[in-house]
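*Asks:* Chain residues, written in single-letter form:
There are 2 protein chains.
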Amino acid sequence: MRKIFLNLKNVKYPIYIGKEIFDRFPQICKRHGIKSHLAVITDKIVADLYLDEFLRLMTKNGFYPEPIIVNAGESSKSLSVVSKIYTNLIEMKLRRDESVVAFGGGVIGDLAGFISATYLRGVNLIHIPTTLLAQIDSSIGGKVGINHKLGKNLIGAFYHPVFIFTDVAFLKTLPKRELICGLGEVVKYGVIMDKEIFKTVEAELEKILNFDLKIIEPLVFKSIQIKTSIVEKDEREKKLRMILNFGHTIGHGIEAGLNYKRLKHGEAVMFGIVGESFIAFERGILKKDDFEKIKKLVFKVGVNFPKKILAKDVVLKHIGYDKKIYSERLNMYLPVKIGKMKFFNDVGFGEIERAIEFLFDQN
Amino acid sequence: MRKIFLNLKNVKYPIYIGKEIFDRFPQICKRHGIKSHLAVITDKIVADLYLDEFLRLMTKNGFYPEPIIVNAGESSKSLSVVSKIYTNLIEMKLRRDESVVAFGGGVIGDLAGFISATYLRGVNLIHIPTTLLAQIDSSIGGKVGINHKLGKNLIGAFYHPVFIFTDVAFLKTLPKRELICGLGEVVKYGVIMDKEIFKTVEAELEKILNFDLKIIEPLVFKSIQIKTSIVEKDEREKKLRMILNFGHTIGHGIEAGLNYKRLKHGEAVMFGIVGESFIAFERGILKKDDFEKIKKLVFKVGVNFPKKILAKDVVLKHIGYDKKIYSERLNMYLPVKIGKMKFFNDVGFGEIERAIEFLFDQN
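Heads up: the protein sequence lines correspond to chains A and B, in order. At position 339 of the first sequence (counting the first as 1) the number is 339 in the UniProt record's numbering, and the numbers step up by one without a gap. At position 32 of the second sequence (counting the first as 1) the number is 32 in the UniProt record's numbering, and the numbers step up by one without a gap.
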């Protein structure tokens, strides 16, 4: 088991990372002074797989965990689910000095994080991320929140956990599609910061897609290092943190253009990575060789670009929001080579349009 | 116009205080870099009295304020009202770098504060408290929140404004009952920290109850000084901040015992002040003379203790919650003289019971 600290201006906490370390979780709780009574928020899928084990483990070690189980999926990130969970917590008399464990993927982390930030003006939060995406991305950085019927993640807060507990063994039961979503973020980290990560994914793609944890664990560790280093340098999504949005401008347009169906976030981001790399390539700042590598790797992962069910102008609309922006210039980090980004404040809408056209022109 | 800074570990901001200073508000906004587009959350009563003036003033100075008006009263501190306001803010496209003005009393401050803390993970908040209670107490210290059907203020956050703008001229239109509620807190500040405040209220009670702003303004100023000094020393409701709960243990029991009807919070707290002073008197740590002064002042304000509609055991139940606590000892600050408190960790339930009986014995 290794440890990475997230060291922010007002708060510092560890991320514990390892393979098959679940049985050490109760001791770590004790080390952090976590009180015995705690709520564990999870979804039906994770509950079926791991909740019994979690409860047995915790109870055996003197804890008194009470589970709250929500439906799996984005629909649980709603104010009505939040409202029900508040009721559960009040009924179980969870106190201000007790804790909420977020046990699941990104949805659970966001939801339970928002609950922890707002129940009794804030209770202790512990993340146990169980998906690749949650382990290397969404659990780190303090963003918590829920959706509004008019848009995603519009309601939320910045709220940090006491610690994050990341056991890659949970990934064994992950559906392949979820693995691929996380892999999109790994590729992103490679392109923006670390060409070694990129090379590893290139070389070991087959093993990764076969859930080889010996390959995946160091990738998770390095990815967490990258995410924490960026969050530390720029806690509140200012300029530097925008580097993490690589692939997300176009990715978000694709995702929203499909009404958040068919493609998952991580899958859409992968196409966004190709699209935004295309902008860099077209500008002449990214060499053809590097651009081809990125494109090849993304398409090799095996997700098909949903050209038949997606309309170009809808994607554009979702990126541009309204017509005014067409003449505006966007702020964006673009790759100048694999592992290195540069900030630009003059990305035109026409460039984005051509990048999307490029995606539509692939096989 | 005077200024008091609230100087916390991670944040520092000014409270502007004066009489008839409303027309200086736009300039202060500009000084703090507030963007022109902003939402102002207020209630129907404040809107009727002051919203036109606010909008005219702001518009004249180049701002673009959009009002959101809720019903007056505690019922607006609900998740359903919060949900509607989120929709309003999204529809007016309020951005992360824009602001929410909380224009009203404690309910509006709590509600708009919670909204500001959670909309887009936090937008700028400006408090314009319009009641005495909000000016000297609830707007200061960062506590924001809403109610749950199972209890008050169970949902919330710590979230600080960019600045607080306190014009005592708003108090001219305050209903007398609301003035008395605020006065309860002023008396509390006197007992816990500043015998001069206590003496002023004793000497000038009639003028205060006649809304004499020349007397009220310095009381507001001193009260804010006391509240800020305590919050600064103990931001997160640890031991010292408990001093502010003086009168609230018993006061809350009375309030809850009436199901939050009939008596307002500030009125209940006044009886709580007498009750908790009685405990100190009975212990022999508070002299009879000081205790009598406190009792006399509170009863002179003219609120009747609702003995006919209140049941002793219901009050006790609301303080004790369940039987377990009867044998427990409570932490409580008690007055040792007017202007000075001492911390005790051994207040027994029997003492509280006798204090409540004492209140019931007053005519």
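Hint data in this document are derived by calculation from the structure and do not stem from the laboratory. It is possible that some hints are incorrect.
Heads up, the list lumps identical chains together, so a pair's fine if it works in one copy or across two of them.
[Stated by the list, open to error] Computed cross-link-like contacts, EDC-like style, restricted to lysine to aspartate or glutamate with a CA-CA straight-line distance of at most 20 Å:
1) Lys152 with Glu91
2) Lys239 with Glu98
3) Lys176 with Glu292
4) Lys239 with Asp97
5) Lys35 with Glu204
6) Lys172 with Glu353
7) Lys207 with Asp313
8) Lys214 with Glu66
9) Lys308 with Glu357
10) Lys84 with Glu353
*Asks:* Now look at each hint and say whether the structure bears it out.
*Replies:* Results of checking the hints against the structure:
1. Lys152 with Glu91: between (29 Å within a copy, 14 Å between copies)
2. Lys239 with Glu98: between (36 Å within a copy, 18 Å between copies)
3. Lys176 with Glu292: neither (25 Å within a copy, 75 Å between copies)
4. Lys239 with Asp97: between (35 Å within a copy, 14 Å between copies)
5. Lys35 with Glu204: neither (42 Å within a copy, 50 Å between copies)
6. Lys172 with Glu353: So Lys172 and Glu353 fail the 20 Å test inside a copy (39 Å) and across (59 Å) alike.
7. Lys207 with Asp313: neither (38 Å within a copy, 69 Å between copies)
8. Lys214 with Glu66: Intra 33 Å, inter 56 Å, cutoff 20 Å: neither.
9. Lys308 with Glu357: For Lys308 and Glu357, the Cα distance is within 20 Å only inside one copy (13 Å; across copies 78 Å).
10. Lys84 with Glu353: Neither. Shortest intra-copy (43 Å) and inter-copy (36 Å) distances fail the 20 Å Cα cut-off.
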